[in-house]
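We have chain C; now place chain E onto it with these hints.
Residue numbers (this note's numbering), protein chains in the order written: chain C, 1 to 919; chain E, 920 to 1280.
Incorrect hints may appear among the rest.
Claimed, not checked - Covered, in the sense of this in silico footprint (three residues per stretch, anywhere, with C-beta under 8 Å from a C-beta of chain C), are these stretches of chain E:
#1 963-975
#2 1096-1102
#3 1124-1131
#4 1134-1140
#5 1161-1175
To be verified - With beta-carbon atoms standing in for the labels, derived distance ranges:
#6 E/1190 <-> C/8: 51 to 57 Å
#7 E/1173 <-> C/853: 38 to 44 Å
#8 E/964 <-> C/632: 41 to 47 Å
#9 C/863 <-> E/1093: 40 to 46 Å
#10 C/247 <-> E/1205: 45 to 51 Å
#11 C/73 <-> E/1008: 36 to 42 Å
#12 E/964 <-> C/333: 39 to 45 Å
#13 E/1093 <-> C/255: 36 to 42 Å
#14 E/1193 <-> C/388: 25 to 31 Å
#15 E/1008 <-> C/388: 57 to 63 Å
#16 C/605 <-> E/1173: 31 to 37 Å
Please keep in mind that the hints were generated in silico from the structure rather than gathered at the bench.
We treat Cβ as the ideally placed atom computed from N, Cα and C, and that holds for glycine.
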Amino acid sequence: MRRLLALALAVAAMVWVRDLGIRATAGSAATALALGFALMGASVTGDALRRFRLPRVTGYLVFGVIVGPYVGNLITESMAAQLQVVTGIATTLIALIAGLTLSIERLGSRLAAIARMTGTTLGVAIAGLAAVGWMLWPWLPIAAEAAGFERLAMLALLVIIVVSFSPTMTAAIVADSGARGPLSDTVLAMVVLADLAMLVLFSVSMQATRVVFGTGDGQGAEVLARLAWEIGGAVAFGVIVGVLFALYMRYIGREITLVLLAVCAVLSQVGTTQQLEPLLAAVAAGLVIENLAVAQGDTLRAAVRRGAPPVLVVFFVAVGTSLRLDAVSAIGLSAVALSAVRLGFIRLGVGAGMKHSGLPAAIGQYAWTGLVSQAGITLGFASVVATEFPGWGNQLQLLVVASIAIHELVGPILFRHGLVQAGEVDAHVPSPLVVVSNREPYLHNQDEEGRIVVKAATGGVAVALDALMRERGGVWIAHGAGSADRLVVDANDKLRVPPENPSYVLRRLWIEEPTFSAYYGGFANEGLWPLCHVVDVRPKFRSEDWAAYQDVNARFAAAAHAELGSSEAPVFLQDYHLALVAPALRALRPAARTALFWHIPWPYPDRLRICPWRREIVAGLLANDLIAFQLERDRRNFLMAAEEELNAEVEIESSRVRFGGRSTTVVSVPIGVDYDRIQNFAADPALADEQRRLRDLLDLRAGLIGLGVDRLDYTKGIPERLDALDALMERRPELRGRMTFVQIGVPSRSDLESYAAMEAEIGRRVAAVNAKHAVPGGAPVVCYHTTPLAAFSLVALYRLAHVCVVSSLHDGMNLVAKEFVAARDDERGVLVLSALAGAAQELDSAVIINPYDVEAFAAALSRAIDMTGDEQMARMRAMRKVVAGRNVFNWASDILQGLESLWTKPLLYAVRGWEETSV
Amino acid sequence: MRFRPASWRGSLGWSATSAPVALLLLSGIAVGPQGINLLSEAVLSVLDSVVPVALAALGVLVGLGAGHHRAGDRYMFAAACLETAATAIVVAGGTAFVLSATIASTSWPVWTLPLAAGLCAATSLTLPTGNPLEPRTAAARVAELGVLLPIVAGGPLIASLREGAPAAGLILVAQASGVTLVLAAAGWLLLTRASGETEERVFAIAVLLLVGGVTDALSVSALLGGLVAGVFWRYAGRLPREAVSRDVLFVQHPLLVLVLLVAGAHTDLLPLSLGLGGAYAALRVAGTLAGGLMARQAVGARVPSDLGLHLLSPGVFGVAFALNAVRAVGSDASILLTMVVIGTIGSELVALFLPPQGAGT
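In isolation and in its complexed conformation, chain C is listed as follows (with noise of 0.2 Å):
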C-alpha cells in the first residue's frame, strides 16, 4: 500500500511539474527527471506484479509503456529519447552479465555436450526460420517488395535477430524461481553460449547487409578485413579491457560500482565508433573476469549487484516507452505468427540437440522452455538496425519489439513451468543434513524410580535445528551427556528422534573424564568464552585443555565423516565449541561442505592475541565454507583478524577471505525466536492461571512487577542489574514494597571458579539490597529464583512484567530480550536493554542503557516505570516488527541456503542480487 501512494506521490509530483511547464534550459530537457520517475514507478509497478507471480520485467515494460509519449505523456516524447542515453550502456551490462554467468571450470565435461546441444538448436532453428522467412516474405510487414540479395540480407538479419535469445531473463528466471538442477544450468549456459554465436553472425550479416545496401565502403578482401576487425577486434577489445579491469579491481578495487559502469559506456562508445560489436567485446571481458582472474569475478559480480538493478530498470522503461501500442496492435498478428513458427522449430532443434548431444533425457524434454525469452540483446540488435537502415530497419524493429513482447510475456511463464515439471523448483524432497553440536537435542536421564525419560532441549536454536532435522532429514552428531543415553542407542550410538514421530538419527559421541571438563569447561569455557566477551575475567588458556579440544573436535569430525558416507550432505556445526571440526573433516574428506555458527561475539584483534593458539582457530574456522556471526562487528573482527593472524586474502566487498588455496564467505546473520510457538503460548488460555500460579510461587504481592532471565554468568550483568535497583529506591523510595523485581538466575558451569564465585555474590547483593529496601508488610524488592522455568512459564511471567531489563556486559545477542518482545503482543511493557547486547543492534526501540553506568541505569529505570500507554505501544509495535521478521527457522535456513548457494555460485550469484530485489 505504502508502495503505491509513493507512486501515486511520484505521478502527482510529475503532473506539477508538467503543469507549471518543464523549462530546462539544455537540450537534455528533464533528463534526470525521466530517469528518476522511470526507475519509481518501474520499480513499484514490478514488484506489484510480482505478487501476481509476473515477472518482474514485464511490470518494467508495462510501466513504460503506460506512461510513456503513446499512452499517458507523463514520459513525453524527447524525455522518452533522453532515456534512450542508458540503452547503450545497459545493452553492454547485460552481455557483461551474460559472459560472467559462463564458468567453464563448473560445467566441466558437460561443456561440449551442450555446446552441440547449441549448435544443433541453433542450426535448426535458423534453417526452419529462414527456409519460412523466404516463402512468407511478401506478407511479412517488412520490405514485402525486396527481391534478391536485398531480401535475403534483411532476412538473413530478422532470422538471427528473432532467434536470439535472453541470459539476463533466463537467469533472472532462474533466480527468482530458486531453480537448481541440471536443466537450469544447460539452459544457462546454452543461452550464454548461443547469444555469443548470434552476436558473430550478426556481425557477418551486418556487414553482408550493407555491401548488399551500399552502405558500406569498400568489398571483397577489404569487407572481410572490416569483419574479422569488427569480430576479432571486439574480441580482443574485450579481452583486454577484462583483463585491465580485473587488474584494476586486484591493485586498486575503489569504487568498482562506478567503474563498471564506465567500462560499459566505454565497451559501448569505442565499440560503436571503432566499428567493434561492443556486445562481443563486453562478453568476451565478462567471459575473461569470469574464468581467469575467479577472485575478482567475485568482486565483480558485488558490483554487479550493486549497479546493475538502476540501469537495468531503466533499459526495459525505455523499451517500454517506445512501444507503440498502435503499430503493435497492426502487426501483431505477424508477431504472433512469428513467435510461433520460432518456438516450433526451437523445439525441433532442442529435440535434434539432444540426440547429439548425449545429455540427459529429462534436460531435452524442458529445455526449450529456457530459451523462448528474448530481452535486451534481441533489442540491442533490432535497434542497430533501426538506427543504420531507417525505412525497413525501423520496420524490422516494430516486428521484433512486437515478438519480444509475447515472448516477454510467455517466456517467463513456460521456462518457470519447465523448471517445476523437472523438479528444480520448490523440490519437496529436501537434501538431509548433518549438524554437529556439543549439546544433544534429546536426553535420556533415569529418575528416582530408575524410569528413562527423555527431554528435548528448550533452546530456540535446538528448537530451529531440531524442526529443520525433521523436515529435512539427517544426522544430528551430539555428545551424549543424558544419565540413561547409553541405554537407547543401538550398537552403532544411533538412535531416531524426534520420540513420537522419529524422522532423523541422533548420533551420540562418549566423551569421558578428564578428556570432557578440559575441552568443555576448560578450553571452550574458561578459554574462549571469557577471551569473546569483554568483561573482567581474564581467560585461562591451559595446554592440556587445548590438546583435550582439539582431541574431541577431531573425534566429532571422524564421525562426521563416518555419517556422511557417500553422501554430499551439507555440515552444519553448532558455535565456539566446535572450531577445529572443519579441518580435521576436510583431511578426510576434502570435498565437505560445511558452515560454523559461531553464537558469541568474536573479539577485536589485540583481545585475540590473548589466545596462545589463535591462529590455530582462526584457520580452523577459515576451513569452513561459510562461517555465520551474530553480528556486523563480529564479522569484521573476525575478517581482521584473518588478515592480522594469517596474512589471509580479505575481499572486503564480498566478504570472502582466502587462505591456503580455500575460499571462506563470512556473514553476519543475527538469531531470532520461535516467534509463532511464543504467540501461540502467549494466547493460550492457560496463561491466566499460570501466571496466578506464579504470582502465588514468586510471592508477587506487588503492583509493579519487573523482570530479568538469565544463565547465571559474569557476562550477564546480574550485580550491575541490582546496583541500579538499589539506585533507583535510593532515588525513589516511594517504589518501595509497591515494585518487584523477578530475578530468574539459573546456575550453569558452577564447577567453574569465576561462575560459583558470582552465583556467591549474586546472593549477597540480592540479600543486602531487601534489607536496605524493605517495607514491613510491603513486597519484597528483589525475589530470586534460580530453579529453570518451562517456556509456558516464562511467556506467563513476560506478560505479567511491566519492565523487563537485559544488562549484558557483553552479549552475542540476548534472546531473552527478544522473548520478552514476542511475547508482548498486548504492546505493552518495556524493554530496557543493554547497549552492550548484540540485541540491541535491532532493537533499538528499547530503553537502552549502559550496565557500566549505574546512575543513567537506574534513571532509566525510572523512566520505563513512568513511561505512558502511548509510548509503550509505539516502542513495543517497533520491536515487534523486527522480531517477527526474523524468526530463529529464518536463521537456520539462511545459513543453510548461504551455504548451498555456494556451490550454485556462477549462475545464480550473478544475478540473484537484483532479481531478488527488483529486477
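Using the frame of chain C, we list chain E on its own:
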C-alpha cells in the same frame, strides 16, 4: 611567508575542507572545448544532464547534516553567518564596482551578477562530513554551517534570474520546494518499506534523480532542492536518512569530480573573464580574511584567530552554485561561471601560500 610542502599534499587529498579543486578545474579547462576537446560540446551536453543530480546530491548531504547539533553550534553558526555575510558583501560590492567600470550593459538586472558572485564566494566547503560524530575543527564546522546561507539565498536569486522578477522567483521556489517535498515523501515511503539493500539503493537513486530532475525541469536551484529533501529525510526517520546518506556518500567523489570537470570545461577563457576572475579571487581573499576577523571578534576564542586563513580555500560549493546558475539560466550566466572558476583557482593558489597556523579549537 613560508611555503610548506605539506600544503601541497593536503590540497590533493579529499576531506571536508580540501580537495584538488584547482587541479580538477584546470583539467576541465584542458580537456574541454577550449582545450583538447575531449569533453566536446556533444559530450558536455550529456554530462550536463547529470549535473543537476550531482548538485542535488550535494544539497542533500548538506541537508542531512543540518540537524546534527554539536556543542557550541550557536556560536559556530553566528561565526559562519558573519563570515559569509562579510565575504558576500565585499565580493558583491567589489564586483559591482569592477563591472560598472568594465561592462557597459548586461542582459541581466544590474544587481544580480554581483550578488551571485558574492554568494559563490561566501562558501568554503568541499564536502559535508558524512558521519556527524566525526571530529572536526571549529573552522571546518564554520565552513559546514557557512554553506547554508548561500544555498538558501541562492535559490530565490536563481529563480528570480529565470523569471525576471523577484516575486515570481519566490513563487517558483515555493512551488519547486513543494514538488521536492512530495517526492521526498514518496522516497521516504519507499525507503521505509524496501526489502533489502539493493532495493534501497534503487529507490535512493530514483529519488535523487527525481529531486535533481525537478529542479532541472523547473530551472531552479538544485542545491536548494537537495537541501530541502535532505532536511526532510533528516527528520523523517533513521532508515531513509541512512539509506540516502550511504548512497550519496558512495558517489560523492565521482560527483565532485564531475562537477569540477564540467565547470572547467564550460569556462570561456576571454581576457575579460580572466580579469574578472582575478578580481573575484582578490576580493574573496579580502572578504574572507575580514569576515574571519569579524567572526573571531564576535564569538571569541571559540574559533581560531586565523579563521579567515582556514576558510581561504574556496571548496566546491561556490563552483557548484555558479554551475547551477548556468544550468538554470542558460548561457547568460556563463560569465559568472567563468569568473568563479578562475577566481576559485586563484583563491586555491592563495590558500596554498597562506596556510593557517593552527588547527583551530
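For this session: Of all the hints given earlier, name the ones this structure violates by number, lowest first.
Result: 11, 14
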